[in-house]
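Everything in the sequence shown is counted per the UniProt record's numbering, starting at 1 for the first residue and increasing by one.
I should point out that these hints are in silico values taken from the structure, not numbers from a laboratory.
Computed spacing ranges between beta-carbons, pair by pair:
id	residue 1	residue 2	range
1	28	102	38 to 46 Å
2	66	43	17 to 25 Å
3	94	28	16 to 24 Å
4	71	117	27 to 35 Å
Here are the simulated DSS-like pairs of lysine-lysine, each with C-alpha atoms no more than 25 Å apart in a straight line:
id	residue 1	residue 2
5	129	111
6	88	55
7	88	60
8	55	127
9	111	88
10	111	127
11	111	60
12	49	129
13	49	111
14	55	129
15	111	55
16	127	49
All C-beta atoms in this analysis are idealised placements derived from N, C-alpha and C, irrespective of residue type, glycine included.
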Amino acid sequence: MGRRNKDCICKCSGHRNVDSNCCPGKPGVARMNVTVVRGTGLWGDNVSKTDGYVKVFYGKQGSSTPVIWNNDFPYWNYRIQYGTVDLKSRQALNFEVWDRDHRWNDDLLGKGSITPQRGMNVNQSFKLKHGTIFVSLSVVCSPILL
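Between the sequences and the hints, there should be enough to build the whole structure, so can you do that?
Next comes the structure, spelled out in structure tokens:
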């Protein structure tokens with residue numbers, strides 16, 4: 001996003017929340033990174049192990065981990081960089097854990113949510129109907145968003 005020109009002056013462009021000097025244009029602007037770390041004790045099928053994946057939503061943005069096939073204790077370690085976000089909106093970060101069947105009839109194993117806040121750096125677990133998922137969240141406010 002930001003670039004240093006030949007005179008060692010930073011210039012930013014291309015984002016509505018950051019001004020031309022790479023500073024937040026308003027209070028509550030931060031960078032947010034999420035990692036879907038792992039699941040334990042997931043259960044979605046009677047006959048086979050879980051084919052687990054996690055959908056993550058923040059506002060209108062969504063992402064999904066890869067499917068980990070035949071594993072009730074998957075390690076995704078899947079990082080999502082949301083970049084610059086506006087914390088004043090108080091939008092929740094939502095997680096849905098699924099068992100892949102045939103895409104049209106996947107099983108929802110459970111949900112969790114957390115509202116990002118300034119300076120947050122947490123490891124969080126969410127208890128599901130069958131199992132638990134572990135995620136980490138980092139929300140960094142800075143005068144210069146690098």
